[in-house]
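**Student:** So the sequences go chain by chain: A and B.
Mapping of the first sequence onto my numbering: position 233 corresponds to residue 233, and the numbering continues sequentially without gaps.
Remember, my numbering sits 381 above the position in the second sequence when you count from 1.
FYI, nobody ran anything at the bench for these hints, they're computed from the structure.
Incorrect hints may appear among the rest.
Each computed DSS-like pair below joins lysine-lysine, with the alpha-carbon atoms no more than 30 Å apart [claimed, not checked]:
| # | chain 1 | residue 1 | chain 2 | residue 2 |
| --- | --- | --- | --- | --- |
| 1 | A | K372 | B | K629 |
| 2 | A | K178 | B | K497 |
| 3 | A | K79 | A | K222 |
| 4 | A | K337 | A | K241 |
| 5 | A | K138 | A | K79 |
| 6 | A | K222 | A | K178 |
| 7 | B | K629 | A | K2 |
| 8 | A | K337 | A | K235 |
| 9 | A | K79 | A | K21 |
| 10 | B | K614 | A | K337 |
| 11 | A | K378 | B | K497 |
| 12 | A | K291 | B | K629 |
| 13 | B | K629 | A | K55 |
| 14 | B | K614 | A | K178 |
| 15 | A | K222 | B | K497 |
| 16 | A | K79 | A | K2 |
| 17 | A | K235 | B | K629 |
| 18 | B | K614 | B | K427 |
| 19 | B | K629 | A | K81 |
| 20 | A | K331 | A | K378 |
| 21 | A | K304 | B | K629 |
| 22 | A | K55 | A | K21 |
| 23 | B | K614 | A | K241 |
| 24 | A | K200 | A | K241 |
| 25 | B | K614 | B | K475 |
| 26 | A | K79 | B | K629 |
| 27 | A | K304 | A | K178 |
| 28 | B | K629 | A | K138 |
| 29 | B | K497 | A | K138 |
| 30 | A | K372 | A | K337 |
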Amino acid sequence: MKLYEYEAKEIFSKYGMPTPKGELATSPKQARDIATRLGVPVVIKAQVLVSGRGKAGGILFAGSPLETEILTRRLLDMKIKATGVRSVLVEEKLTIRNELYFGITTDRSSQSYVAIASSEGGMDIEEVATAMPEKIVKILITPLYGFRSHHARQIARRLGYAGNQLHGLTRIFIQLYKVAMDYDAELIEINPLVETAEGKFVVADARLLIDDNALYRHPEYKERLVQERTELSPKEIEAQKNGLAYVTLDGNIGVIGNGAGLVMATLDVVQLYGGNPANFLDVGGGASADKMALALDLVLSDPKVEVVFVNILGGITRCDEVAKGILEAKKRIGFVKPMVIRLVGTNEEEGRKILTEAGIHVLDSMEEAAVKAVEMVKSGG
Amino acid sequence: MKLLGLFVGRDTRVVVQGITGTQGRFHTRLMLDYGTKIVAGVTPGKGGTQVCDVPVFDTVEEAVEEHEANASIIFVPASFAADACFEGIEAGLKVLVVITERIPVRDAVEVMAYAKREGVVVVVGPNTPGVIVPGECKLGIMPAHVFRSGVVGVASRSGTLTYEIASGLSVVGLGQSTCVGLGGDPIVGLSFVDMLRRFGEDEQTKGVALIGEIGGNLEELAAEFVGSGGFGKPVVAFVAGRTAPIGKRMGHAGAIVMGRAGTAQSKVEAFLEAGVRVAERPSDVARILVGELGR
Chain A
1 MKLYEYEAKE IFSKYGMPTP KGELATSPKQ ARDIATRLGV PVVIKAQVLV SGRGKAGGIL
61 FAGSPLETEI LTRRLLDMKI KATGVRSVLV EEKLTIRNEL YFGITTDRSS QSYVAIASSE
121 GGMDIEEVAT AMPEKIVKIL ITPLYGFRSH HARQIARRLG YAGNQLHGLT RIFIQLYKVA
181 MDYDAELIEI NPLVETAEGK FVVADARLLI DDNALYRHPE YKERLVQERT ELSPKEIEAQ
241 KNGLAYVTLD GNIGVIGNGA GLVMATLDVV QLYGGNPANF LDVGGGASAD KMALALDLVL
301 SDPKVEVVFV NILGGITRCD EVAKGILEAK KRIGFVKPMV IRLVGTNEEE GRKILTEAGI
361 HVLDSMEEAA VKAVEMVKSG G
Chain B
382 MKLLGLFVGR DTRVVVQGIT GTQGRFHTRL MLDYGTKIVA GVTPGKGGTQ VCDVPVFDTV
442 EEAVEEHEAN ASIIFVPASF AADACFEGIE AGLKVLVVIT ERIPVRDAVE VMAYAKREGV
502 VVVVGPNTPG VIVPGECKLG IMPAHVFRSG VVGVASRSGT LTYEIASGLS VVGLGQSTCV
562 GLGGDPIVGL SFVDMLRRFG EDEQTKGVAL IGEIGGNLEE LAAEFVGSGG FGKPVVAFVA
622 GRTAPIGKRM GHAGAIVMGR AGTAQSKVEA FLEAGVRVAE RPSDVARILV GELGR
């Protein structure tokens with residue numbers, strides 16, 4: 001789960017990291033009052049969860065409270081990558097001498113966390129890593145030993161700092177690691193970490209992604225989850241509630257399968273044969289007839305879907321249950337769209353029998369089925 | 382204790398952690414039917430009972446002391462799974478197969494570090510379908526009927542897609558030596574490189590199928606390993622998720638493309654550069670291996 005910049009900054013500040021003075025505003029008037037209180041100039045930052053906010057014009061500077069009000073109205077009216085802006089963070093404008101980067105994330109190849117720092121902050125760290133790999137400092141963290149002060153000092157020194165500045169950075173790095181562990185961060189970043197004209201360090205932007213699987217340890221975000229759900233489409237909410245992994249794509253062939261890898265491979269094969277998938281839908285292991293019917297319901301009700309391709313390889317999932325689910329969906333909503341069904345594995349014979357008796361043709365190769373689905377779309381169903 | 386296969390085999394003595402749960406019970410039955418030597422089960426508070434005639438203990442320690450268990454398969458819920466892993470490691474088990482999904486990353490990281498320190502042979506998973514040595518033993522939840530004893534080593538990040546490809550290998554008569562699900566999570570105990578090293582030393586394995594997907598860089602590292610001459614047997618790779626959009630999780634926690642890292646394209650290119658053949662469709666894996674190995 002992604003936290004907003006202002007939420008992350010509140011946490012960072014609680015952990016003693018220096019953050020700019022500022023407040024959250026949900027209306028232009030409120031923003032104006034904050035600017036009056038803080039003193040100008042201020043920076044106004046749209047609070048959205050998508051990245052690339054700066055490039056999309058989501059960060060503006062104002063020289064007066066009135067300008068703050070006008071610019072805030074503009075931000076609250078805009079959409080950034082199709083996401084509406086509900087609030088802005090109004091902060092004191094920093095005088096910048098240098099922009100650094102510091103972050104901690106998981107590293108799959110070492111099965112651990114890695115601390116990453118750079119003297120080239122303010123831009124996408126992946127871009128820095130590609131264009132100037134020599135500007136990246138990385139320290140692998142041994143989880144049972146942790147990220148310690150000497151690691152932090154080592155990083156600060158490699159970024160070119162000494163004396164009091166080295167100590168200032170060390171403190172920020174150590175505290176960020178504490179937040180990362182306490183909040184089960186999948187990714188935590190300060191970008192940029194600003195060195196001000198006075199030589200102090202300030203967290204200018206903050207990013208914190210909490211591991212979804214660890215949310216049970218952070219009950220304070222339960223409500224946030226509900227809130228976030230309102231940003232999903234009703235169909236995606238319905239899918240989530242019922243344990244279906246559903247992602248909408250922009251094609252016209254609805255795809256349902258069991259197992260993430262198999263569904264991804266099905267999408268790939270559909271595309272290989274010139275088709276265009278409308279969605280990813282994984283019913284998971286051991287799907288019941290009910291779950292299967294619900295999955296079909298979801299896909300069939302998507303207006304852009306012209307043909308549905310069901311690809312099931314039964315393991316824990318039983319083909320007879322899947323077949324019953326397909327019939328159930330037929331009863332409930334009718335087959336409003338043509339379907340291609342591939343069904344093999346556990347209880348395959350029973351499953352085929354159920355469907356064949358209902359007049360539904362079943363295929364046994366996923367490629368053959370993909371070809372057929374693509375043909376059906378091309379011939380207009 | 383000799384372990385047949387790569388790290389589990391006919392003589393592996395298995396304890397099922399979380400044996401009294403629905404999943405634990407169901408798969409204990411299926412694993413026993415397959416011939417897996419399940420010597421004990423563990424569920425705290427249920428010691429003294431039995432599941433499928435297997436004695437249940439409160440602690441792994443007892444299972445090791447009384448029945449010389451040396452491997453474990455774990456079905457306990459995510460919030461208790463790390464503790465179960467630590468318990469297994471401390472009791473001296475050499476193999477942990479972690480079926481549980483949705484384990485927090487921080488827990489997984491700590492388990493892996495502890496396992497390495499204690500010299501555990503291997504942690505498979507988490508979020509894995511398990512390991513099968515066809516005809517010998519199965520520590521997992523995969524449908525046994527798609528597997529046949531044979532010559533292809535299979536390592537995969539997926540579940541059902543593995544069954545799809547394994548089934549293809551069985552049909553053409555190649556079969557599998559050992560089939561391992563690495564797991565669908567971002568942090569897993571085994572990498573493709575670990576498996577290539579083991580398959581390289583295994584006499585039964587004549588060729589290898591690697592089944593990857595988007596996210597992370599395990600595939601790229603495997604390509605590098607093969608490209609640098611680290612592996613002498615034929616390898617075929619399949620990468621799922623060529624059509625996946627950036628930033629959307631495709632079911633698995635580990636299957637997400639962040640920025641430019643972990644795209645299918647990067648993986649496919651890395652394999653091709655290393656001279657690893659890449660299957661475009663799942664069925665091509667068996668077809669290509671037949672060409673390389675004969676039937």
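**Student:** For this structure, which hints from the list above don't hold up?
**Tutor:** Hints 5, 10, 11, 14, 15, 18, 23, 24 and 27 not satisfied by this model.
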